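Asker: If you want the building blocks of each chain, they are given just below.
There are 2 protein chains.
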Amino acid sequence: MKTVLVLIPMDEAGRAQLESAAPGCRFVYRKRGEETGEDVRGASVILGGVDPKRIGASETLELLQISAAGTDAFLRPGVLGPRTVLCNATGAYSKPVAEHALAMTLMLLKNLHLYRDNQKEARWKYRGRERALAECTVAVIGLGDIGKYYARLAKAMGARVIGVKRRPSPCPEYVDRLVLTGQTDEILPEADVVFTVLPQFRETIRFFDRERFEKMKPDAIFINCGRGSAVDEQALYEALSGGRLAAAAIDVTETEPLPPDSPLWSLENLVITPHVAGTSLKSLRESITDLAVRNLAAWAAGEPLVNAVDMTTGYRK
Amino acid sequence: MKTVLVLIPMDEAGRAQLESAAPGCRFVYRKRGEETGEDVRGASVILGGVDPKRIGASETLELLQISAAGTDAFLRPGVLGPRTVLCNATGAYSKPVAEHALAMTLMLLKNLHLYRDNQKEARWKYRGRERALAECTVAVIGLGDIGKYYARLAKAMGARVIGVKRRPSPCPEYVDRLVLTGQTDEILPEADVVFTVLPQFRETIRFFDRERFEKMKPDAIFINCGRGSAVDEQALYEALSGGRLAAAAIDVTETEPLPPDSPLWSLENLVITPHVAGTSLKSLRESITDLAVRNLAAWAAGEPLVNAVDMTTGYRK
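Those sequence lines, one after another, are chains A and B.
Going by the working numbering, the first residue of the first sequence is number 251, and it counts up by one from there.
Going by the working numbering, the first residue of the second sequence is number 251, and it counts up by one from there.
I should point out that these hints are in silico values taken from the structure, not numbers from a laboratory.
Check the hints yourself; a few may be wrong.
Copies of the same chain look alike in the list, so a pair counts if it works inside one copy or between any two.
No farther apart than 20 Å at their CA atoms in a straight line, the calculated lysine to any residue pairs in the SDA-like style are these [unchecked claim]: (1) K252 <-> P422; (2) K398 <-> N368; (3) K375 <-> H525; (4) K415 <-> D301; (5) K375 <-> D511; (6) K375 <-> E284.
Note that this is a predicted model, so its numbers are computed, not measured.
Just chain A, with the same shape it has in the complex (with noise of 0.2 Å):
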C-alpha cells in the first residue's frame, strides 16, 4: 500500500477528495514543519511544502506537489532522486502576487511612501508630482502566470505592456509588444515601470545587475516579486541612492530575512515587504487543494500531471 503524506492544511471535505482521488493509498497527515525522517522516506505522494533537507533523493518518491511556485530549492543536486516528478502551484499565485505588484507600482507612482513618512511627523506637504500608469510603459521580466495576470491588470488600467520571455509564444492581447530574454536591454530603455518575477535558476542570478539598472530611464521605478537572487542588490543600493533609478518596491531579498543592518533599509525611494506577495486569495487554499487532487487522481490513474517542473530549467514543462 502506497502512502500520500499531506502537508497541506486540510479540513474534512479536503481530507475526503484527496482520499476518493487515489483510493486504496494510505494518508498520513502532519502540519508543515512537523513532518518526520520517517514520514518523508515512506511516503510516495507528498502534497505541501516539505522540508527539502529531509528528503535525501528518496527513491520511494514519485510525486511531489509543492504549494509554492518557486521551485528552486528542490533543484538542488541530492534533493529529488530521479524517480520524482515535481509539480509546483504556479497559477495559484498569480492573483495575488500580481496585485501585490501592482500595489507597489501604484504606491511609487503616487508617491505614497514618502507621504507615509511624511504623516509620521504630522507633516502635510506636497511631495512632487504623481504619475499615472495609465501614461506609463511597463515592462513585464518574466511574462509567466504572475507576469500575465500583473500585465493585463496593467493593460487594464491604460499602460503600454512589453513583455519578456524565454521562449518564443504568440503575443497576448494585453501585451504590446513581447520580446525574448535576449532583447531585454533593447527594451529597458522605453520602460517607466520595470517588474520582474524572475524565478531563481542558473540564468536569472543578479539578472539585472549594474549594466542593467544603468540601462533604465532616471526616472524608471523598479519591482521585484519573483526571487531575490534576480537582483544584485549592491547594484540597486547604487542606482537608487545615486538618482540612476527613481525608486523601487522589493518583496524579495538576497538573503531572508533582510539583515537589519542591510543599507537597503533606510533608503528613503525603496519599498520593501518580507516576501508576502502571496498571502492574500481566500481562495489560495482551495486552489491549491484543487491542484493537489488533480495531481494525486492523474498520479494514481497514470495520467500526466499539471504543472510538471522541468529539472533541468526549473519551470514548468
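Fit chain B to the given chain A structure using the hints.
Answerer: Just chain B, lined up with the frame of chain A:
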C-alpha cells in the same frame, strides 16, 4: 470689446488656440494668484482657478471655467452674480484621482503602510494576511466621472462593484449593482471597500458619520478622495481607533492643511495624503486647455457649454 482673463498656464500654441476660439476678444494672461481686482472685474470670461473672494458677484462675468472638479467655493452666496455660468473640469480628473484612490485601496489591502513603518525600524515581519481586491465587494459612493473610472478599474481587477448615485440612470456594465444615495445604508454592510468621492454640498456634509461607520463591516476599509467635509473626522477617529473599521485612507480633510495637532496623524491604520490625488496626469494640462478652448468657443458662438454647473446642486447639469 470683451475681455477673457486666462489663469491657466498656456504655452504659445495654447494661446493661439484660445485666441482663435473667441476672435475679437481681448486676452489677459496672468499667473494664478497674481490676478488683480481690476483684471477680474473687467472680465467677461475667466478661464482657471480665480480667487472666489475677488469676483464679488461681478455683473460683467458671463463664463467662469474653473480648472478644478470641486465647485463648492463658487457656490457660496455673493461669489457669482446671476449672469455667470460656472463650468468645472470634472472629467479631466477622473484618471488621476481614480488611480490615486486605487493606489490607496491596494496599499491598505496589502498592509503596505504597515510594512513602510516596519522598514523604518529595519524589521522584516509579517503584518497579517493580505486581501485580494479580486475578492472584495467595493462600494463607490458618488458615481460621477471619478467614481466611474475607479469602478471600472476595480471591476477590471475582479471586484464586485456597487455604485451609489444621486440620480437614477442606467447601470454601467462595470457596475454590478446601482443604488440611489438614499439606499447607502442598505449596501454599506456588504462592502469590503468603501470609496467615496462626494463633492461638498449641503447634503454631503458629514455624510459619513458615526452611524454610517457603524454600518460598515469591522474589516472594511474606507477611502475618501472627494471632500473632507463629507466625513465626520471625530467619528472616523473613533471607528479607526476603536477597531470598528479596519483601516482608512484620506486625501482630503475637514480643515486643510490638516493641523499638526490633529489626532488623525498618529493613527497607524490611517493613511493621509495632502490633497494631491489630482496631480498625476501628464495630459492634465492638455485636457484642461482643450476644455477651456471648447467652452470659450461655445460661449463666443452662443452655443451650449460643457460641464455647466447647476448652482442649486453644485453638480454638473
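Asker: Check K415 against D301 for me: Cα-Cα at most 20 Å, and say if that holds within a copy, between copies, both or neither.
Answerer: Answer is neither; intra-copy 30 Å and inter-copy 54 Å both fail.
Asker: When no copy is named, should K375 and E284 be tagged within, between, both, or neither for a Cα gap of at most 20 Å?
Answerer: neither (51 Å within a copy, 23 Å between copies)
Asker: Within a copy, between copies, both or neither: which one fits K398 and N368 at a CA-CA cutoff of 20 Å?
Answerer: neither (35 Å within a copy, 30 Å between copies)
Asker: Under a CA distance limit of 20 Å, which applies to K252 and P422: within one copy, between copies, both, or neither?
Answerer: neither (42 Å within a copy, 56 Å between copies)
Asker: Are the CA atoms of K375 and D511 at most 20 Å apart within a copy, between copies, both, or neither?
Answerer: Between. Shortest inter-copy distance 15 Å satisfies the 20 Å Cα cut-off; intra-copy 30 Å does not.
Asker: Regarding K375 and H525, is the shortest C-alpha distance of 20 Å or less found within a copy, between copies, in both, or in neither?
Answerer: So K375 and H525 pass the 20 Å test across copies only (9 Å; inside, 31 Å).
Of the numbered hints stated above, those contradicted by the structure are hints 1, 2, 4 and 6, listed in ascending order.
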